[in-house]
Amino acid sequence: MLLQTGLQVFFETISQLGALFMLLLGIIWVIYGIYETRRRGSFKKRKTEDWDFKITKFLKALTYVGFIVGILSLISGVGALMYNEPPSKLYGEITGYHRNILTCIILLLLGFVTFLKPANDLPMAT
Numbered sequence: 002m003l004l005q006t007g008l009q010v011f012f013e014t015i016s017q018l019g020a021l022f023m024l025l026l027g028i029i030w031v032i033y034g035i036y037e038t039r040r041r042g043s044f045k046k047r048k049t050e051d052w053d054f055k056i057t058k059f060l061k062a063l064t065y066v067g068f069i070v071g072i073l074s075l076i077s078g079v080g081a082l083m084y085n086e087p088p089s090k091l092y093g094e095i096t097g098y099h100r101n102i103l104t105c106i107i108l109l110l111l112g113f114v115t116f117l118k119p120a121n122d123l124p125m126a127t
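Everything in the sequence shown is counted per the numbering used here, starting at 2 for the first residue and increasing by one.
Watch out, some of these pointers could steer you wrong.
Capping the alpha-carbon separation at 20 angstroms, the derived lysine to any residue pairs in SDA-like fashion look like this [unchecked claim]:
1. Lys118 / Tyr65
2. Lys118 / Ile69
3. Lys118 / Leu25
4. Lys118 / Thr57
5. Lys90 / Arg40
6. Lys61 / Tyr36
7. Lys61 / Tyr33
8. Lys58 / Arg40
9. Lys118 / Leu8
Everything labelled a hint here was simulated from the structure, so no lab data went into it. As the structure is a computational prediction, the values presented were derived from the model and not from experiment.
From just these sequences and the hints, can you work out the full model?
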């Protein structure tokens, strides 16, 4: 019973931070876009081969932070759907205390993609 109560408090707390995770995911993906554009030399076409770049410490750190934020945003999206939590306290005060389905779906999709992004960036075998 104690574990169930602790998990419920954890899910409710994380699900109330949905707006923060949306902001963090947006910042992470803008940085990914800028970094990939600089690395490739162009936004659309690849001017360099993918094998010709070095993985910098910044990319590693950003990827690990993105991995953690992806997991937390997945938990936030699921928790908001389960406990009918608004994405932020201000949203709940303005519109009433209920979930926002669009925010939950965006949190789930971007969290899943951000969670899987390290498979593309970091060589897992090394």
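Going through the hints against the structure:
Only pairs whose Cα atoms come within 20 angstroms are accepted, and Lys118 paired with Tyr65 is accepted, the gap being roughly 10 angstroms. At most 20 angstroms may separate the alpha-carbon atoms for a hinted pair to count; Lys118 and Ile69 meet this at roughly 11 angstroms. At most 20 angstroms may separate the alpha-carbon atoms for a hinted pair to count; Lys118 and Leu25 meet this at roughly 15 angstroms. Proximity of Lys118 to Thr57 is assessed by CA-CA distance (about 16 angstroms); at most 20 angstroms being required, the pair is judged to hold.
Among the hinted pairs, Lys90 with Arg40 is inconsistent with the structure: their alpha-carbon atoms are about 39 angstroms apart, more than 20 angstroms. About 12 angstroms separates the Cα atoms of Lys61 and Tyr36, which keeps this hinted pair within 20 angstroms; it holds. Proposed proximity of Lys61 and Tyr33 is supported: the alpha carbons are some 12 angstroms apart, at most 20 angstroms. For the suggested pair Lys58 and Arg40, the alpha carbons sit about 14 angstroms apart, so the restraint of at most 20 angstroms is met.
About 27 angstroms separates the Cα atoms of Lys118 and Leu8, which puts this hinted pair outside 20 angstroms; it is violated.
Violation of the numbered hints given earlier is confined to hints 5, 9; the remaining hints are satisfied by the structure.
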